[in-house]
Every structure is written in C-alpha cells, then in structure tokens.
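Could you build the full structure based on these sequences and the hints that come with them?
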Amino acid sequence: MKSLPLIFLGVFFTLAFSWTGIVLTSQIQLKEFTPATPDLVDSQDQPAPGGKYLVDGETIKNTPGMTANPQPLVGEAQRGKLVYQQMGCLYCHSQQVRRQGFGADFERGWGQRQSVPRDYIEQDRVMLGTMRTGPDLTNVGLRYSELWQFQHLYDPQITSPGSIMPPYGFLFEVREISPLTGPSAEAIELPEAYQPPAGYEVVPSRRAKDLVAYLMSLHQDYELPEIKFTQ
Amino acid sequence: MSSNPSLLQSLSPTGDADISLKARLGEVDASMRKPAMLFLVSAVFWLLLGTVFALVAAIKATNPDFLGGTEWLTFGRVRSAHLNAMIFGWGNNVIFAVAPWIMGRLSRARIRHTSILLIAGIFWNIAVTVGIFGILRGDMIGVEWLEMPSYAAPLIIITYALVGVWVIIAFRWRQTDHVYVSQWYLLAAFFWLPWLYTVAQIMLIFEPATGVVQSLTNWWFAHNVLGLWLTPIALGVAYYLIPKVLGRPIHSYYLSVVGFWALALFYNWAGVHHLIGGPVPAWVISAGTVASVMMVIPVLVVGINHHLTVVGLHKEGWASPTIRFVMFGAINYTFVSLTGSLMALRHVNEVTHFTHFTVGHAHHGVYAFFTMIMFGAVYYMMPRLLLREWPNAFLIKVHWWMAGMGILLMVVALQVGGWIQGLQMNALNEDGTPVYSSFIQIVENTRPWLWLRSLSGLMILIGHLAFGVNVFWMIFSRRRAGEQTAPTLLSPTTEQA
Chain A
2 MKSLPLIFLG VFFTLAFSWT GIVLTSQIQL KEFTPATPDL VDSQDQPAPG
52 GKYLVDGETI KNTPGMTANP QPLVGEAQRG KLVYQQMGCL YCHSQQVRRQ
102 GFGADFERGW GQRQSVPRDY IEQDRVMLGT MRTGPDLTNV GLRYSELWQF
152 QHLYDPQITS PGSIMPPYGF LFEVREISPL TGPSAEAIEL PEAYQPPAGY
202 EVVPSRRAKD LVAYLMSLHQ DYELPEIKFT Q
Chain B
270 MSSNPSLLQS LSPTGDADIS LKARLGEVDA SMRKPAMLFL VSAVFWLLLG
320 TVFALVAAIK ATNPDFLGGT EWLTFGRVRS AHLNAMIFGW GNNVIFAVAP
370 WIMGRLSRAR IRHTSILLIA GIFWNIAVTV GIFGILRGDM IGVEWLEMPS
420 YAAPLIIITY ALVGVWVIIA FRWRQTDHVY VSQWYLLAAF FWLPWLYTVA
470 QIMLIFEPAT GVVQSLTNWW FAHNVLGLWL TPIALGVAYY LIPKVLGRPI
520 HSYYLSVVGF WALALFYNWA GVHHLIGGPV PAWVISAGTV ASVMMVIPVL
570 VVGINHHLTV VGLHKEGWAS PTIRFVMFGA INYTFVSLTG SLMALRHVNE
620 VTHFTHFTVG HAHHGVYAFF TMIMFGAVYY MMPRLLLREW PNAFLIKVHW
670 WMAGMGILLM VVALQVGGWI QGLQMNALNE DGTPVYSSFI QIVENTRPWL
720 WLRSLSGLMI LIGHLAFGVN VFWMIFSRRR AGEQTAPTLL SPTTEQA
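Chains A and B, in that order, give the protein sequences.
According to my numbering, the first sequence is numbered sequentially starting from 2.
According to my numbering, the second sequence is numbered sequentially starting from 270.
It should be emphasised that the hints constitute simulated quantities derived from the structure, not laboratory data.
Among the hints, a few may not be true.
Claimed, not checked - Some chain A residues judged to face chain B by a derived CB distance under 8 Å, without partners named:
| hint | residue |
| --- | --- |
| 1 | Pro6 |
| 2 | Ile8 |
| 3 | Val12 |
| 4 | Leu31 |
| 5 | Met88 |
| 6 | Arg99 |
| 7 | Ile122 |
| 8 | Thr131 |
| 9 | Pro136 |
| 10 | Ile159 |
| 11 | Pro168 |
| 12 | Lys210 |
| 13 | Lys229 |
| 14 | Phe230 |
All C-beta atoms in this analysis are idealised placements derived from N, C-alpha and C, irrespective of residue type, glycine included.
In structure tokens:
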C-alpha cells in the first residue's frame, strides 16, 4: 500500500460508506414525513388501517377534522428554545422517551409513549440529548405549572432541595417595587427564605419568560399513525 | 546523544542510523521548528485554560452556587468551553505541531514554506479564541462537539486545509521507498477530519437536515472526531515513537495493515450507538452496534502489535518519558475501546446511556489514550526541535503520576458512579413503580462520585502545571557549555545501571 491515490480512495470510500448509510439513507427515509393525525384515511375517507409509515397524498391522508401533530413552535416558545440552547440545558437533560421495557422512562412518568422520528420533523434544531443528570424533558410542559418553572429557574433549591442544577438568577431582575404602579403583575411568588428585601420584587426577564414558554410547550401527548400510547 | 546508543540514538524505525539520514532528519527538524513551537505553545496554553474550565465545571456539578451568579460561567457554557478548549485548542494544536513533523521525518521531506504553517497557526488560534468566547457569550450552538458559533467555522476549515496540504505534500514527495504504518494513519486522518467537519457544518448549521437526521449527523460527526481524527493520529504517533525510542521495529507490518483498514471500515459506523433507544431508525442503531463490536478486531490487533514490540524492553520503556506516556496511552486504547464495544450492546447501554458512565468513557478515550500519547510525543519532539534537553526530570515525574493517577481516578469514579446512577434510574419494584421514585435521591447518590471527579481534576491540573513549567523552562533556558547532552530519563536503564 504505497500509492497516495489508492490510500486516498480507501479512506474516501470508508467515510462515504458510513455517511451514505447513517446520514443520507435516513434523510431519504425521513424527508417525506409530515405532521399526521393519529389515524389515516384513504381517498374515500375510509379508515386505512395498518402501520402506514408515510403519508402519501394520493392514497392515504390525514383524517379530516383531526389535529395533525407535531406542530411547529411559535413566538415566545421559539425564542425560548434559543435560551435553552445558549444555557446548555442539553448537557443535562434529554428530550426523548425510550420504549417501554427499555429503561424506566414510562415508570418515571416521562412519557406515555416512545418518541418517534416524526415527533421532531418540525424542529429546526433537534436536541435529543445524551445525558440525564436531570430528568427527561420531553413532556415537561405537562408536568409543572409556570410558577413552578419560574421558581425552579430562579433557584432550583426552592422547588427541588438537593438539586445540582445551576441557578439562573441572572435571568431575573430584583427591582424596587414602583411606588406609582405598585407590585408588578409579573413578579413571581417566592417562599419566605428566598424573598428579596422588603420593598423589592423578583421579575422574570424576557429571556426567562421565553424559556418558560418553551418548557411549557414541550409535550408528546398525541398519538401518531405509527405510535399509540403505552407503546 | 552518545551515552545510550541502543535506546535513543536509533533514528530510523529499523534501528540503523547513518550520518546522511541524521542530517536529513536534522533538516526536517529545523524546517518545522518555528511552526511546531507556535502550535505547541498554543496547545499548552489551551490545555491549562481547558483544565481550569474543567475544574470550574466539575465544582459546579456538586456545588451549583459556585460562581452561580455569572451567566458567562453557567455550567452549560463552561462545560462546553472546556470541551472545545481541549479538543480544538489543545488536541488540534498539538496534532498540528506533531503530525506534520512526523510525516516530514518519515518521508525524509523537509517542510517548505513554513510561513504558511505559521499563518495557519495564527488563524487556528484566532478561530478557537473566537469560538470559545462565543460559547461563553451565549452564541453556543446546541449540537454536541459543534458548539462553536458558525462565525468561527470558515477560519477552522481554512486552517485544516493549510495544515493538511503540507502533510500530503510531504508524503507525495517522500524520499523513501518504504511507507510506514504511521504515514497511513496521519494521511487518512488529515483527509477525514476536514470532510467530516465540512459535511457536519453544512448539514447541521447552514442547511440543517430534517428532524433526527440532525442527531444522526451529529453523532456520526462527533464520534468520528474521536475515531477518525484523534485515534488515527494517536495511533500513528505511537507506531512512530515506540519503535523509534526502543530501537526495535514494529512486530508485524501485516497486523498493522489489518488494524488500519479494519479501523477505517468499522469506526465511522459506530457513532450512532449514542442514540440507542432513541427515536431513530432501528436498523441504523443495529448497524452502529455491529460496527462498535467489530471494533474489537482493530483494537486487539493494534494492542497485540504494540505489546509484542515492547515486550522485554519494559525497563527501558519505564526510563523514557516518551515511552511511559505512550504506553499508558496505548494500553488505555485497548481498555477504552473494549469498554466502548461493550457499551454499544443494548442491555449494557440501557444502564450506561444518559449517565456519568459515558462522560467517564469520553475522558478515558480523549485523555487516557489520546492526550497521554501526545504528551509522549511532546517529550520526544521538543528536544529535537530546540536541540536541548528537558530541564527537570522531577517535573516530568510529577506530570506523569498526577496525570496518570488523576485520569484513572476520574474514569473509575465516573464509571462506578454512572453505573450506580443508571441502575437506580432504571430500578423497578415488583409492582412496576420506580425504586428510586424521587429523582433527587439519585442525583444525591452521584454526588460523592462527582466529588471524586473534582479531586481527580485537581490532580490533573497539578500535572499540567508541572508540564507547563517544564515546557516554558525549556524554551527560555539558554544553552550553556558543559550542559547535559544525554536525554533526560526517569530511571537508570539497563546499560547505565
């Protein structure tokens, strides 16, 4: 093996092989995925049973009148996703539910069904995550209230004593209560030990509100043609 | 160099040095002096900075209030700054110092127009600085191993091209008939990484792929940075240094051919094992698992080949700083790779996935294998570039013991702690409810192990400081008459004793 072109061809084809297999083939497989209703119908609007994987516009289509999922993020939640990225939430939290019997994702209450590729087709940045220093967040929007989220971000010890999650106090503003307009409607309630000095209030910044909107938007509580609950 | 002929004087891998060859290698060394020193000094700088980032992140993982009010140093950012400083700052800089130099030496080809390499060095360090600044500032991209903001990418791609082209030119105009194992590894790595990086940039940043294809591309890229860049470079360096320092040829040329092509074929399919159980096509995962297990072949082949080259020369190896570090790395290559193959099995992965076990594994690979071999290479290269010896053997010993024991402690702590964490996350009572129903309880149980990780990080920091002091001491020391000319060894060898 002495020739540069031969070595080059070898290293080229080995890498091209895996790229074709892992990336290109999956892209071809997934690129036609569209949001889907839990059940599909044929061109006469009759139920089309069976594990139809792709929605083919001509023969099989979404059930009219039912909501197709997943839906794209909009507005605050979309901006909040950027905050999620910038803070590196991804490094401690996953956004994927494994199937029943593989791990204990169902039993821990992280989802009613396994996550499938279609769940992620509307996302411009997919953050499945590879770490669960903290819990999975696939369905975190269904688990807690907005207030809980604000308190938890302000200082995780408020809602989860013993947590090792970093506090995001810098996403909040501690400010003097305006003598003219009184306490802000946006100020968050805090337990005694975490309250600011008298005359002050803790108000979430726009980024904190966006982030909470994003967290509240996270849910996979719909069925798809290829996946039903408790599957 | 005369005191110890059999150990360090053998300048060709076959052990027969002659004057014209020495002169030739001297020319190669002289041509690479400036660029290699630029890359090396930058590498040491990033190594120290990356270690500080690591320690901050590690302390934050047990004490979240530590620097908790500073947005720039929040865990997610400082952790990514650590990763990027280590991979792109330390790893790539040290590779850019060592790889063209070894390629030049093996090809007996002087590296010409080294000012281009100097420019590459400046570009590279600007790119890494901008990238890490961007991460800390909040421009981080949510893709593991590609966190640097996209404005750093063009400079990175240009630098890969500027350095890679010299490796290829040196090989193309080589003055030797024989092609060494190291040369394939270096050549292949310098082809692979720019492709990987460019494809990943396009498919993830400029024109993001659909849905989970992003995750597949992400892990195809990220695992291949390890498998097709750091690994072949470190193996190439080990294949060069072991025979060179010990004065004995590689045990089997045939085995090294098998090892190389098996690695090329299997490693680049393995990355998707990071998505086992995830929402990706099942066949891709199966292919990734098969490839991960097939990696046993190149790993054992390389392990056997290295071992049979060293066998019987352990005493000499122990005396040489280079061989101590390189053998530590080579042995850990076998261990970390076999662990990796096991972790790709679905039932093992069910426990280790999403836990600190994987973090331990990553450090095992990048540090205990790659970084230790590169330390060995630096200990070998610097005396030849600067024509003076390492000023202090004690500092080398401190470096070796602190780095070696530190990384072992880290791997054990994270993998034991991670395994427990994984078992506890999955544990179910007979009625199907989780045994550890409170997640916080599991988090609390990982804390002691994370404390041990911080301790190991402190040991490694001490090791790196010793290394850094020795490097700068060597650079700034003047050559004096009657100065030591024999290599700095860590213990007496057979002949001296």
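(request) Of all the hints given earlier, name the ones this structure violates by number, lowest first. (result) Violated hints (numbers, rising): 1, 10, 12, 13 and 14; every other hint is consistent with the structure.
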